[in-house]
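Below, each chain spelled out in residue letters.
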Amino acid sequence: MDPFSAEGELLNIHNAFHSGQYQDVIDFETAAFSPENQLPARVLKLRSQIALGHSDEVLAAVASEEDTPDLAATKALAQQVAGKTDAALQLAQDLAENYPDNATVQVLASTVLQAQGQNEEAIAVLSKHQGNLEAVSLIVQIHLQQNRSDLAIKEVQAAKRWAQDSLLVNIAESWVGLRVGGEKYQSAFYVYEELASGPSTSAPLSIVGQAVAELHLGRLPEAEAALTAALEKYPTDAELIANTIVLNVLAGKPSADLESLLQQTEPSHALLADIQEKSALFDTAAAKYSPKVSS
Amino acid sequence: MQSSPNMLTKFESKSSRAKGIAFHPNRPWILVSLHSSTIQLWDYRMGTLIDRFEEHDGPVRGIDFHPTQPLFVSGGDDYKIKVWNYQTRRCLFTLNGHLDYVRTVFFHPELPWILSASDDQTIRIWNWQNRSLICTMTGHNHYVMCAQFHPTEDLIASASLDQSVRIWDISGLRKKHSAPTSVSFEDQMARANPNQADMFGNTDAIVKFVLEGHDRGVNWVSFHPTLPLIVSAGDDRLIKLWRMSDTKAWEVDTCRGHFQNASACLFHPHQDLILSVGEDKTIRVWDLNKRTSVQSFKRDLDRFWVIAAHPKMNLFAAGHDTGVMVFKLERERPASAVYQNQLFYITKEKHVKSYDFAKNVESPPMLSLRKLGSPWVPPRTISYNPAERAILVTSPSDGGTYELINLPRDATGAVEPTDVKRGQATSAVFVARNRFAVFNPASQQVDIKDLSNSTTKTIKPPAGTTDIYFGGTGCLLFITPTTVALFDIQQKKQLAEVTVSGVKYVVWSNDGLYCALLSKHNVTIVTKTLEQVSTLHETIRIKSATWDDSGVLIYSTLNHVKYSLLNGDNGIIRTLDQTVYLVRVKGRNVYCLDRNAQPRTLEIDPTEYRFKLSLVKRNYDEMLQIIKTSSLVGQSIISYLQKKGYPEIALQFVQDPQTRFDLALECGNLEVAIDMARELDRPHYWSRLSAEALSHGNHQTVEMTYQKQRNFDKLSFLYLTTGDQEKLSRMAKIAEHRGDFTSRFQNSIYRGDVEDRIQMFKEVDQYPLAYLAAKANGLTEEAESILEACGLTEDQITLPSLESSLQVPRPIVPTFKSNWPVKAAGHSSFEKALLGEVGAADEEAGVDAFEAEEEDEEAVLAKDTLDDDEEDASGWDMGDDINVEEEVDFVNVESTEAGAGSSEADIWARNSPLAADHVAAGSFETAMQLLNRQVGAVQFAPLKDRFLEIFKASKTYLPASVGLPPLVNYVRRTTEETDIRKVLPFIPRDLETIASVDLQEGYAAMRSNKLEDGVKTFKRILHNVLVNTVSSEAEVEEAKKIISTAREYVLAMSIELERRKLSTDTPEGLKRSLELSAYFTIPKLEVAHRQLALMAAMKLAFANKNYNSALGFASRMLANGGSAKLLEQARKIKAQCERNPSDQIEVDFDPFAEFDICAASYTPIFSGSPFVTDPFTGAKYHEQYKGSVDRIADVTEIGAPASGLRLFVPSQY
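Protein chains in written order, with this note's numbering: chain A, 3 to 297; chain B, 17 to 1229.
Hints were generated in silico from the structure; no laboratory data involved.
All values reported here derive from a predicted model rather than from experimental measurement.
Using N, Cα and C, we set each Cβ at its ideal position, and we do this for glycine too.
Hints are not guaranteed to be accurate.
[Claimed, not checked] Output of the computed footprint for chain A on chain B, the stretches with three or more beta carbons under 8 angstroms from beta carbons of chain A: (1) 100-112; (2) 444-451; (3) 486-492; (4) 931-941; (5) 946-958; (6) 963-971; (7) 974-986.
[As the list claims (entries may be wrong)] One-sided excerpt, in silico: chain B residues whose CB lies under 7 angstroms from chain A: (8) T54; (9) N469; (10) T482; (11) D504; (12) Q510; (13) E513; (14) G917; (15) S919; (16) T994; (17) K998; (18) P1004; (19) S1012; (20) D1210.
[Stated by the list, open to error] Below, a list of computed lysine-lysine pairs in the BS3-like style, where the Cα atoms sit at most 27 angstroms apart: (21) B:K1026 with B:K1115; (22) A:K47 with B:K509; (23) B:K509 with A:K235; (24) B:K1202 with B:K1057; (25) B:K1115 with A:K162; (26) B:K998 with A:K280; (27) A:K162 with B:K778.
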């Protein structure tokens, strides 16, 4: 049965996962689920734990059950997030080869592959999917990371034909929208705003999405309101901090405090890495110039 | 035929059979004449019986209000016509004459006439002023059931059981009875014999037409208000429509449908409709043009006898076997929806229009909904979806239908919508961007549908649900007759429920945190999770509500606009002359739709509720603001404050000492209370103050009040308890002085002063007591002498057994020295706000060393001219060419094969020749190349922060799948653009920010003499402008102005800083110092700032006896004008210097020569001598500085070849 169908048992837990309510997923009451849904639900819970940064616990939890490809895939992801990248890659490649039709393997193995820069392999694994929306959204994300919005748009359009109203498709469409811009910014904003304001879907993920859309729309005060409120609630969310830094710089406000906060919470964040890289770049580039007469 | 959902019953009465009904023209009243002989006067709005009139004997069938006078007329089966005054509640007189039942009575619209129809087969016209019969019309040969005046013409229509309808011409009668302009003999004759028919019969009223067509008796006839049409109802169960011209009248058509006798009928006053009632227990509505049934309403048991229309409003009343009902044919509430600044609404013509609140503009019609529902039924609701620009409209016809329609992009006229999705439902609302919910009460089912109108989910609402409303994102509110439930659509579960009965409308606050549930007479405010916040009751029906941005609910009843705070505190804002439906409040404007679906704006005074709101929120600054700017302060607001427990705030507004005293006591503010008591100086106030002060332990105040009251006893006791022995003995003295022995006795006891007591006893001849006191305290001598004085001996006296002598307890702590310590009440925050303001004002008054008036800085800035305007014109074009060539290698990646594409950042760099865009793209090398080429930039270190700032702001991080890095999106300044070849980055700190924030900061540094900071600020401005973009040629000019302004300030401040570093101990040093101070006056600063420089230079020159220079500076200052203080000083110095205009120290400064200052050496460059300029800042230098780094911005190379700074590319916009 399609886990995303409106009547499926897994719908709510799936939606909670994809709207970023990881703690809710972990706390989700799944005992009443039918036996065939127990595994997917468990995988979602494990993935939520990974998302919350508890990869070690996940590794411990699946240690004895690696025969199940789904759990093995989870392990690969946990390894990847925990920094054991080589092992993760190895495991992901094995799984992709042995269980190419397992939906969980497709998604998680390709996530690991993508995270290690193996885009084409990741796409190849994902392309085997059979109506797996998660795979679709992952494909979209990979295309976007490759700056291939044209391909991403196609993927979303195709998915919309058979799953128009799935949360995942909506979110993936917003990703694309934020890349394309123009009127699409506004549509993306509506999607995230809806998520952020709904009691059952509000999470840092959706608030960040909303704020990012506002930023792109040039509505800085609104973005600030959303981010400030969210930061109070989730003071250590790296993406919240990173985007607040961007906002502050855009608005001409000081951002040094937030930068050091980000340095503490996630020193490897792309923003910091970029700044560091560019700072070095600046110094080398600037060294090429000098006045004719030194004063 | 099923009953129509549209007929809205507004009022029903229970009584015996109602035979006649009349609406009051202005007031919400109806008269009902009953078969039981009673006449009732009802207020149908309040639903109350106002009065009963019972003088008729037997059924009363005819009744009518006078259009202007407080009169009504009735006609009954007692053959009598009675005229009543409803104010005095008496029957004024009775018109007798009819010989059988009177069926109907009507007032003439203008003349003082009454028309009556009777079973005696006559129709009569009476003059109620002189109470006489003026005309009797005979002709019908059976009972006349009804006779009515034409509303405008001199015609009468009558209906009779002889199966005919007759039209009578009464112009002759009018002629006879109206005041003639020229009185002819015939007229006089006629007036002399008013009641006599002439020899040919009655010419006053002649039959004009006889309308035959009914097969049975005719019960009712009515004229059309404007058209030459007549409608009649008969026992043949038909409603017949007749038309007439000047010469003839004929039957037009018949409306068939009643299956029992039709008792009455009339034309709708405004619409092309006929209404009829019959003994088949139905009210039927017919289309006048098609003569088809539009709707019908059936009562179960009661036959209808009469129907009446309100002369002005959209209201009808029908009388039946057990009373009357007042009803409307349709809702008058126009369907509307508000989104941000726009109101979407449906007009009476069923056109969808929008209204812009900000611009106060009504759009042309956008859509025509003519085909929605049946033609006579207006749409009920509209729901707007901004994401899809779609509307969802519901109509109650056919058991409820909805339509989903996309609005056209531009309003072009009332076009028929294409691609309409429709279905069956009574309510339909958008619940999300791409979802809406429809509710079908018959199946008790809510369907969630997507935009293609297919059901994606089905929800079973709670039993008895009557309506659904939007419940916040992804949620619905289910309305049942007794509760409101909040339901999460996605989780399919009920989140909350609140018990509120009869909710009809739901209004969400603008921030979505609160929601007002409106029922007929109650407003309940709940939070978004349905926790009840407050509720209020109105006796008048509540019509609509909307939220103020500050969270105040503004609601309207039938006749008022009122407000309610969240805490339920409510009040009237203004009255309404007609019912309106509020849609929005903004500032002092309330926007609403009237019953004709026209947007209207009402002005309100929000002061009162804003004040109360700020009181609740304890926002004292705002309260203060309100108090200052409005005339709010009155007795009512003071008593309001007092009642609500804010006496300390009320205290601030009151002048009247008595009220102030009361309030001060209430809030325990003794200081104010003392002041006021002093002012009032009456015993009553002192005693109240003393009681209050005592309870505060403030015994010093208590002492003072006792003194004021001359309350010696209490004073003494106070001194005793506080241990103030000194004052206690003074009290004793006072008592002695006053000769008040009781007091003296008391004091001596308090003080334990036995001698004084004995002395006192002796003085009042109380020797036994004196002796006793002496004896008891062991003063034997004294006792002896007393005995002696009395001539007694000891054995003559029997003494009670003596115990140890009285010891007065002594206080251990000297309480009297200070008041009982009370926790410092301090100032209320309100008082603080008051004081804070004063404080701020003081600070402003304080002037620091450099303080000068800043007058119209911007104006001055605007006047500033640039001298290097043309210089770069050609360079700009050249730069463009070079860059275009460079970008030939641009390749647009659009292939579909796999592989990575270019990031947007790379594309920015390709799209733009501006350095700032390259910086945002992270392409620092090319950015530096561009800057080097454009302005000769060679030293980039000072620009590092700016580079990184722009780069940091270039992208956002959107978290996506777990385990993968966030998606990076690039922030564009071209937010509308989607063509990747045209997108460009957002550059923070645009020109406007620089001009309005940074520049002002620099000026402030100048004013406050923080020159180091100022130099930094202005340098930063230069860096920020250097790496930036602007959006128009005009802004390019502005940028240049900012650059030159910043340059002048950096130069000026650097000169002054240089001077301050110098030691003036040596003559050289002093000379240089004087020179520099003179050069400080050269850069083109704002006038106010130049004055500061001049002032400094003048003072320095004067102090060093360089009177000539000082004179020059003083003159310049005076020429510049400005603050009086400065000018005064300049004038003084000028006067002094003029006496001896010579310089003691020769300086290199010629006030009359044209020269610039070299920004490196701070020496003059006289015109004609060679110099080099900086390509970016335009600063001038002596030639030897060529090739070194500019001192102003520290970035560019002086004299470097440069193409000119580019900030703008026209094609980008």
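Checklist entry - Hint by hint, which ones does the structure fall short of? => result 1, 8, 9, 10, 12, 13, 17, 19, 20, 25 and 27
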